[in-house]
Amino acid sequence: SRSRSKSKRTSGFDMAPPASAMLAGASAVAGQITGANPAIPGMF
Amino acid sequence: CSRLHNRPSISPTLLLSNMYQRPDMITPGVDPQGQPLDPRKIQQHFEDFYEDIFTELAKFGEIESLNVCDNLADHMIGNVYVQFREEDQAAKALHALHGRFYNARPIIADFSPVTDFREATCR
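Heads up: the sequence lines are chains A and B, in that order.
Add 141 to the 1-based position in the first sequence for the working numbering, that's all there is to it.
Add 124 to the 1-based position in the second sequence for the working numbering, that's all there is to it.
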């Protein structure tokens with residue numbers, strides 16, 4: 142009989158990125174939006 | 125192939141884009157730190173991934189086929205195609221995967237028009 146445990150390895154599912162990476166991503170997106178705004182009045 | 129594939133509103137097949145990342149994805153046979161990788165380790169890494177996704181996806185219905193692109197070229201890199209027996213099982217899985225992560229990367233899931241993998245070619 143095999144005694145090898147099937148549950149020794151944890152699944153990669155629901156392994157979220159670290160909170161610091163999430164915040165960095167969020168501020169980068171916000172920066173892109175504010176950066177894009179001044180270009181629109183210049184168009185007209 | 126124009127790569128402008130149509131996205132059906134319902135299908136028994138889901139595409140999980142770029143989900144599998146080879147441990148030697150930067151340089152073949154070498155890890156990101158530049159150390160040589162044992163081919164058995166690469167194979168084990170793939171099998172662990174396959175087991176993870178099969179276990180998770182089987183919760184939503186009967187899996188007819190599960191294909192993982194284990195390529196290093198850009199096109200379809202790491203794409204996972206899972207075909208369920210029924211469309212509503214695929215819909216349930218799509219809904220359940222939305223907004224979740226795998227190995228710290230977001231899961232990008234959509235319906236795929238592929239229903240026969242022997243005939244799945246692009247023109």
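Keep in mind that the hints were calculated from the coordinates and are not lab data.
Don't take each hint at face value.
[As the list claims (entries may be wrong)] Between beta-carbon pairs, the in silico distance windows are: (1) A:D155 - B:K165: 35 to 41 Å; (2) B:M200 - A:K149: 14 to 20 Å; (3) B:S133 - A:T151: 32 to 38 Å; (4) B:H199 - A:A157: 27 to 33 Å.
Ideal placement from N, C-alpha and C gives every residue a C-beta, glycine not left out.
Cross-check of the supplied hints:
no.: 1; hint: A:D155 - B:K165: 35 to 41 Å; result: violated, 24 Å
no.: 2; hint: B:M200 - A:K149: 14 to 20 Å; result: violated, 32 Å
no.: 3; hint: B:S133 - A:T151: 32 to 38 Å; result: holds, 35 Å
no.: 4; hint: B:H199 - A:A157: 27 to 33 Å; result: holds, 28 Å
Violated hints, listed in ascending order, are 1, 2; each of the other numbered hints is respected by the structure.
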